[in-house]
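Order-wise, the sequence lines are chains A and B.
Using the numbering used here, the first residue of the first sequence is number 1, and each one after it goes up by one.
Using the numbering used here, the first residue of the second sequence is number 1, and each one after it goes up by one.
Please keep in mind that the hints were generated in silico from the structure rather than gathered at the bench.
Don't take every hint at face value.
[To be verified] Lysine-lysine pairs mimicking DSS-like chemistry, simulated, CA-CA at most 25 Å apart:
1) LYS209(B) - LYS258(B)
2) LYS114(B) - LYS341(A)
3) LYS127(A) - LYS182(B)
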Amino acid sequence: MIEKFQEWHENRHEYQKEWKRRTGNKIVGYFCTYIPEEIFYAADILPVRILGSHEPQDVTEPHIFGMFCPFCRDVLAQGLKGKYNYLDGITLAQSCLHLRQAFTSWDLHKNPGWSYFLPMPNHVQSKRAVPFLIEEYKLLIKKVEELAGKKITDDDLRRGIDIMNNVRRVMKEIYEFRKEDSPPITGTEAMYMACAQFFTDAREFLPVAEEVKKELETRKLDRDPGKRIMLVGSENDDIEYIAMIETLGERESVGCTVVIEEHCTTTRYFWDEVDTSIDDPLTAIAERYVSRTPCPSKDWPQRTRLQRILQLAKDFKVDGAIVIQQKFCDPHETDIPFVRKFLEDNGIPTYFLEFDVTVAAGPFAIRTEAFLETLEAEEDLF
Amino acid sequence: MAKYPTEPLKCWPKAKELRNKFYKNFEHAHDTGGVRVMGSAWALDAVPMGLGRDVYWVTGEPYGASCAFDRPFSAECMDAAESYGFSRDLCAYMRNYWGSIILNKYAFGGSFPKADFAYSQHICCSHAKWYQNACELEGGDVPLYAIDVGAGAYPPFEPEMYQHRVKYVADQMLDSIEWMEKITGRTYNDELFFEACWNDIRSTHTWAKVCMLNRAVPAPLDEKSIYSLYVFGTLQKSNGDFADFYEELLEEVEDRVKRGVASVGNEQARVMSDTQPPWGFLKIYRYLETWGVVSIGSLYTFGLEGMWLYDEENNEFKPRPMPTEKAKTREEACMMLADWHLSKPEYQHYYHPEYKTKMMDAIAKNWKVDGIILHYNRGCEGLSVGIAENRLGLLERGNKVMTYEGNMGDEREFDLGAVQMRFDIFLESLGLKKPEE
Ligand code: SF4
Ligand code: SF4
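Using the sequences plus the hints, can you model the full thing?
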């Protein structure tokens, strides 16, 4: 069953087009995990995240100045190349400026007829953020209703909350298996799962994920897990890189398994559920997005991410952390020296990797191998 | 041969004196028991002024630009920031600023004066993070308050100014007042706040009026002078001396226009720029002058510390009228200031490049511009966002546009010879002749 995730990942466009044909409903592409998918599900619209496809850049040059992150250029390239022509709308919540460019250029040149920018508050540590966001959600709902051609009720919102909470919960349960000494699921597979959830209808994803959870109870992998690695940092959906480092053990003296990530493709995206004990569904959704693990661009005045990262590192018993930063990613660049110092001070060796999703993963894997060797050397001393 | 009379600005010595005093005040604030605040040039700087008349600011952007102007010092700062682990592609002002703290060197001499607290705002990814890190680099005991102004675009770019958006910003200001009272132990004086609030509105309105005068041919001001003048808004727009200075400046520039006094005596063509200039290489503006070209300003110099409204129907760009009455309560003052600032032209492009293109096109048409020079500024993510789309949009609207790559604060990313060559080609395409050596 676990292979289904990879299949969905590889055939995202076919799946989405087929879904549209089958259901007769609309699809909206979103660019950042601060978009409340609950509201789209409430309107029977399928929200799908737009990720890159790790190709060399050739079409975005006239649209995005080269000092912006390769991920956002890769995302825009998908739109400009017409790969998402079947979308009925696009949307972005206020996050980093890089992704905003992908969204606005897409809006200018490939507008599917409906687009919406949600001013998600940056000051999430302020008590003013939730009331503001609730009002913003009301504006968003009006726009979504126009697209859906129907009203969204509180019950619809509660249904949307359940849909999203269910997949969040099952993914977290699957992540529990990664805590085992010999995890029955690799980092590569976990990434396929998280991405597949972006690309599919959560209601169709859920039974498959439940099934996988059952399988994992008895699954044994015929591989040495090697060093337990955590990935921390920018958006990173480069599965090829993870697959490459997780197979180093087959060729080199030290191998590794990615046992946990703190980035917006996985845990920052799905770790936190909507609190269903809150009566008003809009308040509940707003609370969830304001209090979720923040993107560094929203993590101020306190840098709350650090404690979350450390907790994950401890829970998943990591040997070392690879701090990955998408080239030019300002939000992470402002945090990285402090993240590294904090982890090192807490006894977790770190390695910094400046990443570019649009270039081949090989050289990054070689550098990772060198880091793994240092972890091995450290152990040898005692 | 000069076509027009020229003369130096009379208020120049005063401008210099005011600026020096500002930086000295920050340095010596503690000598007399005053308060030092650090924060962004975009911060709502009127709010801390309710703490007393002895509150002194340093703002990161003009400070970073001053470092950049002193290239050897800037190189030291960059090295220090990079050695600390900060990436080379981060905001160049910010790296200059952090570098100064790490080196403990103030660009104006002596050690870097430690602020008592940081008060900033956030719309660019780097704004609040800048001071979060500065506070940490200062030892971790400098508290930070930052106000999120990413509350959406202002009409006409949005159908209306939703009150909850204004209130979100105003409420954060109110919270910050309580916070400041707590961390400084001072009692907040609303009267001082109302005064500072009005000064802010007065200076940003007057600055826009000064820029309006540059529609005249010949232009009374060139952009290099504008850089030395707009800076007061970036230092502290709520400062009464600065607001008064802008009113004096307005009178002087009006007089220049009346008498036909030019900034560039042989003005033959007019260009406008975009984003911050490479501060270590302002001579590029002198180079333009040798061609008889005056750079009349930019959306950046007009709209960073000037308040304007864009009129979509007439493709016009005019100073935003001042409110008719001063605020009488703290809540009113916060709402007024929030609404005033949310209309800042330099906030609008954060939401969509199209908004900036429209405002730039209005400037190009109404200030009679022959060509537009876009600085693809590697030093500032916030103002370069969407710039490639601005280029396409301006071309589409019939403007002549050139671009050059550089960095406002990191000289390693600027190639003077190559940029001048691009200027030559562009200016020739405008029908100008290269001046004889
Ligand atoms: S990787 Fe960084 S810059 Fe790129 S989209 Fe994510 S937060 Fe933004
Ligand atoms: S990148 Fe630009 S807008 Fe952002 S903080 Fe630096 S100077 Fe300001």
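Against the structure, the hints come out as follows:
no.	hint	verdict
1	LYS209(B) - LYS258(B)	holds, 15 Å
2	LYS114(B) - LYS341(A)	holds, 23 Å
3	LYS127(A) - LYS182(B)	holds, 17 Å
This entry satisfies every hint, going by the numbered hints stated previously.
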